[in-house]
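Protein chains: 2
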Amino acid sequence: MLRTQVKTQVRIHVKLTLKRLNASYSAPKLSLKDINPHVIEAKYAVRGTIPTKAEELKLQLQEDPSSVAFDKIIFSNIGNPQQLNQKPITFYRKVLSILQDPSLLDTLKSKDCPASFKQQYPQDIIDRAERMLKDIGSSVGAYSASQGIRGFRNTVAEFITKRDGYKADPNDIYLTGGASAAVNYVLQILCNGPKTGVLIPIPQYPLYTATLALNNSHAVPYYLKESEGWSLDCNELIKAIKDKTAEGVAVNCLVVINPGNPTGAVLSKEKMIEIVNVAKEHGLVIISDEVYQENVYHGEFISMRKVLKELQAKNGSEYDNIQLVSLHSTSKGVSGECGQRGGYMEILGFSDELRAIFTKLCSISLCSVVTGQALVDLMCKPPVAGESSFALDHKERLDIFNALKQRSLQLWETFNKLEGIECQKPEGAMYLFPKLDLSENVIAIAKAKGLQPDEFYCLELLENTGICTVPGSGFGQYPGTWHLRTTFLPPGTEWISKWEEFHNEFMTKYK
Amino acid sequence: MLRTQVKTQVRIHVKLTLKRLNASYSAPKLSLKDINPHVIEAKYAVRGTIPTKAEELKLQLQEDPSSVAFDKIIFSNIGNPQQLNQKPITFYRKVLSILQDPSLLDTLKSKDCPASFKQQYPQDIIDRAERMLKDIGSSVGAYSASQGIRGFRNTVAEFITKRDGYKADPNDIYLTGGASAAVNYVLQILCNGPKTGVLIPIPQYPLYTATLALNNSHAVPYYLKESEGWSLDCNELIKAIKDKTAEGVAVNCLVVINPGNPTGAVLSKEKMIEIVNVAKEHGLVIISDEVYQENVYHGEFISMRKVLKELQAKNGSEYDNIQLVSLHSTSKGVSGECGQRGGYMEILGFSDELRAIFTKLCSISLCSVVTGQALVDLMCKPPVAGESSFALDHKERLDIFNALKQRSLQLWETFNKLEGIECQKPEGAMYLFPKLDLSENVIAIAKAKGLQPDEFYCLELLENTGICTVPGSGFGQYPGTWHLRTTFLPPGTEWISKWEEFHNEFMTKYK
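The listed protein sequences correspond, in order, to chains P and S.
The first sequence lines up with residues 1 to 511 when you count with our numbering.
The second sequence lines up with residues 1 to 511 when you count with our numbering.
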């Protein structure tokens, strides 16, 4: 027996004896070193250090307004439109209100119901609510099938069919608690331990790296080309696959975010064909994160599914090996219903065995919130011309869309006026991801404070103006470059002027 | 170089060459053997084979009613009260309806609002909705703080304080998407790979074993004593810890379900003190699943937290090492709002470092659904005497409670009349877990069909009566014993008579 073994055995013996003798023995608490290291490792910058500091400052502002340099926090760190006063779509909310309290239908149908109240509920709202209650069967308070309510999945399939021109099947649709839950399901299934690699664009939405860390698998980064409007270069993809394969990592999945988060770039059809070809040749499941598909301000959104279906239609069985998961959400677009947790994934090309695994995994969490499922139905089938809610609904959507488009341009133009900031023109999504040209001075000061240079910039921006953003280091960026992500959601232009003023002072101060 | 190595290299070379020569190379699809084996391993019987068969039969019934032996499926496999026509609490739904469409408040306040409509919204409903909208700050469509809306967590803390007589802190409360999401968070944090063990009662709610399988950790079973009303025996706990520790497994957590699912047993205070002592001595985090705390029909519910607080109050710092996670949900009780995905966990005794890990993990999924969070607030603070909704609310609660209590007794009495069924008296929850005395004949026939004997019984029950239950093997049971879990939620007694008839025929047929 080795000496150390003897020592350990003696120690265990003493401890056991102590425990037996002393009924009041209290074992030590669990500490960080005892828990799942992958949970410790996972990082999610969108709610990381800068937003946490912002929450602290918000409290400080309430308690002692004179102690901070601003009168409110402007949360530009997260695509959360309704927090920044974007109004919900009226049609959605009237229907959801009825689903929560179906007795409103009785009121509306009673002959005592005053005309002024009836007017608020055009016939198509009543019809829709009744149809959806029928689909639900009992109540939004009952668990639904784990895959989601069949009638709502029919609506999603109709929406996809119309969008792409290729028939969709409700059996391929899973209603999920936002797109985040879908990402969780897919990566949990695909991550077969530390030898699995998943291709992630850099910069990326950090949900992906966080989920991969939780599942003990590799994020295999591929860099987007900033100078070409953050375009995707398939040679980068192939190089990343080759390098990681040489390291013994099995790269089995490719994440594409289109329109891009945080970049705002929109993929062209030609590029998407190239991507599908890489996936075909290398046996990669494609996760196409399309939650910003309504948020395209320049150019056109084409779904990965449509590109795949066209290739399949033209090339016989050659593309039949492609396995595609497409994601959508009620949180973005012009809906902005983040807190309602609605979303879906469509899975194509998977075997029945694997489909059963998706369904089982969903069933362990029983079902996604039924009102969120209802919102997916509403998003996928808004009122159309001729229906009584159409005029208002159409106007609301257009107003929100135009406001987003205008704000994106406004902020982009401001950035491009400023010294030391360079920003690609946003084509879509809700964000800008400008490059910061930070001096050696800034880099040294940040280092001394234990911060990344872009983190230092964001912290100074927050403390001086109340504007909360996320440093580029939270999304990944080419080594030696510095960025930040900001939404362009806050209304008005005052905050932009404040930022402009701050930036110029910062650049002068830290020349 | 070994011969097999050479072969492999040649194969890879050929494959690579083929790929280079042939642009239309299509890699094989991912299959079961490529994916996360822990996802394959995880089982969730509540939505397993029998319920899946029931869904198929439901479709068959729609398409060809004459092809089946019953006119409807009775879903007794899952605690889903509103699917079985339990009415939602009016107060909840009126408030939620306003939260979805706050313009209802304008209607109610306008002078044109007819009295008949106003009557449906007593003043306390309006006040509550206004307070909650203020707590939300913007809209239920905005992401909230990841831990949940602060005002709602204050309400939960007040509820716990009042229930236990010991002050609760809103900072310890996390609002989660049902209790299932909370179980996911906690086990994901605690599961430090295959050397981690978590004590799970047998029979158990299969969410626990499924989540442990997903997290690649050990379920360490401890058997409940059926003959003593499914009571918990701490010697069983200690034996299980000792055996697993000897195998090199670090047992770091103890799951207690009280009231029990599927057993219906309610823990006594004395037993809970023993449990806390075991946790204290062995350094176990206690997960106290208390989602059925309102569903106690005989005896009294005492929270694990209350027992711990009393021990701490009486014994100085001796119990300060206890780390407790308590779970509650809006899905059960008299609320039964399963589809709304509301729940909370209270975490006590964890270091700031570990608390930060809980918060970070929640932040990766952004936030739980805001209307579900609102429902937690409503559940924790129903109308009280003197408030205008009190009379109706109180009556609704009492009616649901009494119906549940009555049905549990009715079904229990039926079971105990029957030959070959033995059932412990239910004290709480929504289930009975009767023991089936199955003949050698049944065991042999089931084996020939590749089924467990209790699975065979449940399948025959389903196919002959439309009653859908879950075999005991899905929850775990003492080897050589056979059970099933059924809810007592279906209204009426007709289904009970059908079961009775089926059972007698089954026992005669398979003597």
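Check each hint, because a few of them may be wrong.
In this list, chains with the same sequence are indistinguishable; a pair is considered to hold if it fits within one copy or across any two.
As the list claims (entries may be wrong) - Derived BS3-like pairs: lysine-lysine, alpha-carbon spacing no greater than 30 Å straight-line: (1) Lys498 with Lys309; (2) Lys395 with Lys447; (3) Lys72 with Lys314; (4) Lys109 with Lys195; (5) Lys33 with Lys72; (6) Lys72 with Lys244; (7) Lys72 with Lys134; (8) Lys360 with Lys242; (9) Lys162 with Lys239; (10) Lys511 with Lys111; (11) Lys33 with Lys195; (12) Lys511 with Lys225; (13) Lys447 with Lys360; (14) Lys360 with Lys109; (15) Lys314 with Lys360.
Just so you know, these hints were derived from the structure itself, not from any lab.
task = Compare the structure with the hints numbered earlier in the document and write down the numbers of the violated ones, lowest to highest.
result = 1, 2, 3, 4, 5, 6, 8, 9, 10, 14, 15
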